[in-house]
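Protein chains in written order, with the working numbering: chain A, 51 to 198; chain W, 51 to 198; chain H, 51 to 198; chain X, 51 to 198; chain R, 51 to 198; chain L, 51 to 198; chain B, 51 to 198; chain S, 51 to 198.
The set of hints was computed from the structure by calculation and includes no laboratory data. Keep in mind that the hints are not guaranteed to be accurate.
Stated by the list, open to error - Pair ranges (Cβ atoms, derived): (1) R:Lys-103 <-> B:Leu-151: 26 to 36 Å; (2) S:Asp-74 <-> B:Pro-161: 44 to 54 Å; (3) S:His-86 <-> X:Arg-53: 39 to 49 Å; (4) X:Ser-78 <-> W:Glu-123: 18 to 28 Å; (5) L:Asp-101 <-> R:Asp-134: 24 to 34 Å; (6) X:Lys-135 <-> W:Met-51: 32 to 42 Å; (7) W:Met-51 <-> L:Met-51: 42 to 52 Å.
Glycine included, C-beta positions come from ideal geometry on N, C-alpha and C.
Protein chains: 8
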Amino acid sequence: MLRVYLSGEIHTDWRDQIVEGAKDLGVSFDAPVTDHAASDDCGVVILGAEDNKFWHDRKGALVNAIRTRKGIEEADVVVVRFGDKYKQWNAAFDAGYAAALGKSLIILQPPEHDHALKEVDAAAQAVARTPQEVVEILRYVLEGTLPG
Amino acid sequence: MLRVYLSGEIHTDWRDQIVEGAKDLGVSFDAPVTDHAASDDCGVVILGAEDNKFWHDRKGALVNAIRTRKGIEEADVVVVRFGDKYKQWNAAFDAGYAAALGKSLIILQPPEHDHALKEVDAAAQAVARTPQEVVEILRYVLEGTLPG
Amino acid sequence: MLRVYLSGEIHTDWRDQIVEGAKDLGVSFDAPVTDHAASDDCGVVILGAEDNKFWHDRKGALVNAIRTRKGIEEADVVVVRFGDKYKQWNAAFDAGYAAALGKSLIILQPPEHDHALKEVDAAAQAVARTPQEVVEILRYVLEGTLPG
Amino acid sequence: MLRVYLSGEIHTDWRDQIVEGAKDLGVSFDAPVTDHAASDDCGVVILGAEDNKFWHDRKGALVNAIRTRKGIEEADVVVVRFGDKYKQWNAAFDAGYAAALGKSLIILQPPEHDHALKEVDAAAQAVARTPQEVVEILRYVLEGTLPG
Amino acid sequence: MLRVYLSGEIHTDWRDQIVEGAKDLGVSFDAPVTDHAASDDCGVVILGAEDNKFWHDRKGALVNAIRTRKGIEEADVVVVRFGDKYKQWNAAFDAGYAAALGKSLIILQPPEHDHALKEVDAAAQAVARTPQEVVEILRYVLEGTLPG
Amino acid sequence: MLRVYLSGEIHTDWRDQIVEGAKDLGVSFDAPVTDHAASDDCGVVILGAEDNKFWHDRKGALVNAIRTRKGIEEADVVVVRFGDKYKQWNAAFDAGYAAALGKSLIILQPPEHDHALKEVDAAAQAVARTPQEVVEILRYVLEGTLPG
Amino acid sequence: MLRVYLSGEIHTDWRDQIVEGAKDLGVSFDAPVTDHAASDDCGVVILGAEDNKFWHDRKGALVNAIRTRKGIEEADVVVVRFGDKYKQWNAAFDAGYAAALGKSLIILQPPEHDHALKEVDAAAQAVARTPQEVVEILRYVLEGTLPG
Amino acid sequence: MLRVYLSGEIHTDWRDQIVEGAKDLGVSFDAPVTDHAASDDCGVVILGAEDNKFWHDRKGALVNAIRTRKGIEEADVVVVRFGDKYKQWNAAFDAGYAAALGKSLIILQPPEHDHALKEVDAAAQAVARTPQEVVEILRYVLEGTLPG
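Kindly generate the complete structure, drawing on both the sequences and the hints.
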C-alpha cells in the first residue's frame with residue numbers, strides 16, 4: 051500500500067480532489083489538521099493560555115508537529131502544495147524535512163512560483179500543476195497505467 | 051571545533067557580521083554561494099544553455115545543492131536567516147532539511163515573521179533577532195560566557 | 051494507528067486514566083511492567099538468585115530493558131510521567147532515550163518540578179499537567195478536534 | 051583519540067580530578083557549561099527576558115542543548131556523575147540519550163543510589179565510585195595498563 | 051512474509067515464471083512498470099510535453115523512481131535480471147542501490163556476462179541462471195526444502 | 051507482537067521446547083534451516099556443483115544468509131544457543147550481528163562456557179541455562195508475570 | 051575539504067584531466083585501482099589461484115570492493131564516467147550505491163548514452179560531457195566562481 | 051588513511067607481523083588489549099573484586115568492550131584471526147558485529163577451520179592464510195600494487 055502525506059496550503063480543496071480522484075487506488079492519505087483556528091490554538095486550548103503570542107504559537111506548533119512528523123516519516127510520497135497566498139514556510143519546511151529523509155516528493159505549484167521554488171523542485175520527483183496530475187502520478191506508480 | 055552553516059537571505063551583510071563577531075572563536079563557517087547571478091546561472095554556464103527557464107533553473111539548483119547539502123550535513127549548527135523580501139522557500143527548505151538530520155537550528159528573523167515561522171521556530175534551539183545574538187549564542191556554547 | 055508508550059511513575063493510576071480517556075481513539079498503548087515487586091525481582095526469580103544486591107538489580111534491569119526498549123523504539127509518542135516521589139531516574143533515562151531516537155515526547159509533571167525538568171521539557175512536544183491533557187493531545191493529533 | 055563527555059553534577063570538582071588524572075592520555079574532554087547561573091540564564095540574557103519562569107527556563111535549556119547534544123554525539127565515552135543533591139534528571143536524560151546512540155557509558159555514583167540507578171547502570175559499561183576509577187578505566191582502555 | 055523486488059530486463063517473461071513458480075510460497079512480489087512505452091513516456095504524458103528529449107527522459111525517470119525506490123527499499127530480496135540486449139545500466143544501478151541498503155541480492159544472468167558482472171555478483175547472495183533457480187532459492191529460504 | 055529469532059545449535063530440540071512453552075504468548079518465532087544436510091548443500095543443489103569444497107560451502111552460506119539476516123533484522127529478541135559440541139562460530143557471529151543492530155539478546159548456554167562467552171554475554175540482556183528460562187523471560191516481558 | 055571519488059571507465063585519461071584541472075582547489079580525489087590486469091587478478095595473485103574463472107573473478111572483485119566501498123562512503127561527490135566501450139555495469143552499480151547513500155552524483159557521459167542512462171542521470175546533480183565541466187562544477191561548488 | 055582493527059587470537063605474533071609488514075603504508079592499526087591477564091581482570095582490579103566468577107568476567111568484558119566497540123566502529127577494515135586453540139567466540143562475535151556495521155572483513159584462518167567458518171567467511175571480502183597475505187591486501191587496496 052502506498053502512504054501519501056499531503057502537506058501545505060489548507061484553504062482550498064486540493065486534498066479532497068486528490069483523495070476523491072485516487073479513491074480506487076487503495077492509497078492511505080494523511081495530512082495536517084486543516085482547521086486553521088484549531089491548528090493555531092491547539093496548544094493553549096489544551097495546555098493553558100499564554101500571555102505572549104510567541105509562546106502561544108510555540109505551544110501549538112509543537113503539538114501539531116507530533117502529527118506532522120509522524121505523517122511525513124511514515125509516508126512513501128509527500129505531496130507539498132504551494133498556493134497563491136501566505137508565506138507557506140511550513141510547507142517548504144516539510145519539503146526539506148521529507149527530502150532529508152529520502153521521501154519521494156511531488157510539488158504542486160502554479161507556474162508563477164517556479165523560480166522561487168527551484169531548490170525545492172530540484173529535490174522532487176515531480177512538479178505538478180493540478181491535483182489531477184498528482185492523481186495520475188499515483189495511478190501510474192501503483193498500476194502502471196497512463197491517462198487517455 | 052564548531053561548524054556552522056549560514057543559510058538563507060543573501061542580500062544583506064548578516065553573514066559578515068556573524069563571521070566578524072565570532073572571529074576569535076575558532077568556528078568554521080560555511081554558506082551557499084551568495085553571488086545571486088552566479089547562483090542562478092551556474093547550471094547553464096557550466097553545462098550548457100536551456101531554452102526552457104524551468105530546466106535552466108533546475109540545472110542550477112541541482113549544482114547548488116551539492117554545496118548546500120554538504121554544508122548542512124557537516125554542520126553542528128545551522129543558522130537560517132529570513133529577511134524582509136522574497137519568498138525564501140529555500141531557507142525554510144534548508145531548515146526542514148537540517149531539522150530532519152537532527153542539527154541544532156538557530157533562526158534569525160524579524161518579529162513580524164513570528165507567526166508565519168512558528169513551525170520552523172518550534173524545531174529550533176533559538177530564535178534570534180540580530181546577528182549579534184547569534185554570535186553571543188555561539189560564544190556561550192563554546193566558552194560558557196555571557197555578554198555584559 | 052498511533053502507538054504510545056507510557057513511561058515513568060508506577061504508583062498512581064495515571065496510565066489507566068489515559069487509556070480510558072482515549073479508548074475510542076484506536077491508540078495502541080504500551081508500558082513497562084508496573085508490578086513493582088515483579089519488576090524488581092524478575093531477573094533473579096527467572097535466572098537464579100544473587101548474593102549481591104547490585105547484581106540482583108542488574109539482572110532485573112536487563113530483563114526489563116527488553117520490554118522498555120521495544121516499547122520506546124516502536125512508539126510514535128512517548129509519555130513520561132514524573133510523580134511526587136522517588137528519584138525517577140529511569141523515567142528521565144527513558145525520556146533521553148526517546149529523544150535521541152526522535153520520538154515525540156509528552157512530559158506529564160506537576161509545576162513544582164518545572165525547573166528541575168527544564169532540559170527534559172525542552173526536548174518535548176508538550177508539558178502536560180493532567181492525564182486528561184494527554185488524552186486531549188492524542189485526540190487532537192488523531193482527529194483534529196479540541197475540547198470544549 | 052578518545053573523546054569523553056563529562057555529564058551530570060556540577061557542584062564538586064570531579065571533572066577536574068578526571069581531567070588532571072588523565073592529562074597524559076591525550077583524551078579530549080567536553081562538558082556542559084558548569085557555571086550554574088550562566089547555564090540557567092543564558093537564554094534570557096542573550097535572547098531577551100521572559101515574564102514567565104517556564105519560558106525563561108525553556109530558552110536557556112534549548113541553548114544549552116546545542117552544546118550538550120554536540121558533546122554527547124561526538125563522544126566515544128559519556129561519563130555521567132550522580133551526586134548527593136538535586137533531582138539530576140538532566141543527568142539521567144543525558145545517559146538515556148547517550149545509550150540510544152550506542153555510546154559507551156560510565157556512571158559515577160555513590161552506592162546509596164545503586165537501586166535507584168539500576169536501569170541506568172544496566173545500560174552502562176561501568177559503574178565507578180570515584181573519579182580515580184574513571185581515570186583508571188580510561189587509561190586501561192587506551193593503554194592496556196592496570197593500576198598498582 | 052518475504053518481499054521480493056524483481057528488477058531489470060523487461061522484454062522476456064522471467065518475472066511471470068518466478069511469480070508462477072513461487073505462487074504457493076506467500077511471497078509478495080513487486081517490480082517496475084514493464085510496459086516499455088508507458089515507462090518511457092509517463093513523465094510527459096502526465097506532466098506535459100518537453101521539446102528536449104533529455105528532459106522528456108528525465109521527467110519519466112523521476113516518476114518511475116517513485117515506484118522503484120519504494121520497491122527496493124521495502125524488499126527483503128532484490129532479484130536483478132541481466133538479459134542479452136541493451137545497456138541495462140538501470141539494472142546495475144538498482145543492484146548498487148539495493149546493495150548499499152543491505153538487501154539480499156540475487157543476480158539472474160547468462161554465463162557470458164559473468165566477467166562483466168563480477169563486481170555486481172560479488173555483492174550478491176546468489177548468481178542464478180534460470181528463473182527456476184530463483185524460485186528454488188526462495189522456496190529454500192522460506193521452507194528449508196531443496197528440489198529433487 | 052514479539053518477534054524472536056532462535057539462532058545457534060541445531061542438534062537438540064531446544065527450539066521446540068521454547069516454541070511449545072510459549073505457544074500461548076502470540077510470539078512469532080523464526081530460525082535458520084535446521085536440516086543440517088540441506089543447510090550445507092543448498093547452494094550447490096540449487097545453483098550447481100563446485101569442485102572446490104571452499105566454494106561449495108560459500109555458495110550455501112550465502113544462500114542461508116538470506117534467511118538468517120532477515121530473521122535477525124526483523125527480530126525484537128535474538129536467542130542464541132551454545133551447545134556442547136562444534137565450533138559454533140556462526141552462533142557467535144549471529145550474536146555479534148544482532149548486538150550491532152541493537153537487538154535484545156538472550157544467550158542460552160551451559161555454565162562451562164561462561165568464561166569463553168563472557169564478551170558475548172556482556173552484550174546480552176540475559177544468560178539463560180534452560181529453554182524454560184527463555185520461555186519465562188518471554189512471558190514476563192509480554193505479560194509481566196513471573197513463574198511460581 | 052571536498053572529497054571526490056572518480057568511478058567508472060579506466061581506459062582514458064579523464065581522471066588525470068580532472069585532477070590536473072582541480073589541482074588548486076584542495077580537493078581530495080580517490081578512485082579504484084585503474085591497472086586493468088592488477089584489478090582483475092588481485093584476488094588470485096594474493097590469495098591463491100582458482101581453477102574456475104568465476105571464483106577467480108569473485109576473489110578479485112571482493113578485494114577491490116574494500117577500496118571501492120571506502121572511496122564511495124567517504125566521498126562528498128561521486129563522479130561516474132561512462133565511456134564508449136564495455137558493459138560498464140560496475141560504473142552503474144557504483145552510481146546506485148552512491149545514490150542510496152545520498153551522495154552527490156555527477157555523471158560524465160557522451161550524449162549517445164543519454165537515453166540508456168536516464169535512470170542514473172535522474173539521481174544525479176549534474177550530467178557533464180567533459181572532464182573540464184566536472185572541474186568547473188567542483189570550482190563553483192568550492193569557490194562560487196564560474197568560468198569565462 | 052586506512053584504519054584497520056585486528057581482532058581475535060592473542061597468543062601469537064600475527065599482529066606484529068602485519069603491523070611490521072605494513073609499516074610503510076600509513077595504516078592506522080587498533081586492537082584489543084592483548085595482555086591476557088589484564089584483559090581478564092581489568093574490571094575487578096579497577097572497580098572492585100567480585101565473589102562470583104560470572105560477574106568478575108562480566109565487569110571485565112564490559113570494560114574491554116569500550117575499546118573493542120570503538121576500534122571496530124572506527125575501522126575501515128576489520129581483520130579477524132582464528133587460531134588453533136580456544137573457543138574464540140569473541141572473535142566470531144566481533145566479525146558479526148563488524149559485518150552488521152558494513153565493515154570490510156578479512157578473515158585470517160587455517161584451512162582446517164574452513165567449513166566451521168563458512169558463514170563468517172561468506173560475509174568477508176577475503177579469507178587469508180598468512181599475515182603476509184593480509185599485508186598484501188592492504189598494500190593493494192592502498193597502492194594498487196601486487197606482490198612479485
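Of all the hints numbered above, which does this structure not satisfy? Sort the numbers upward. 3
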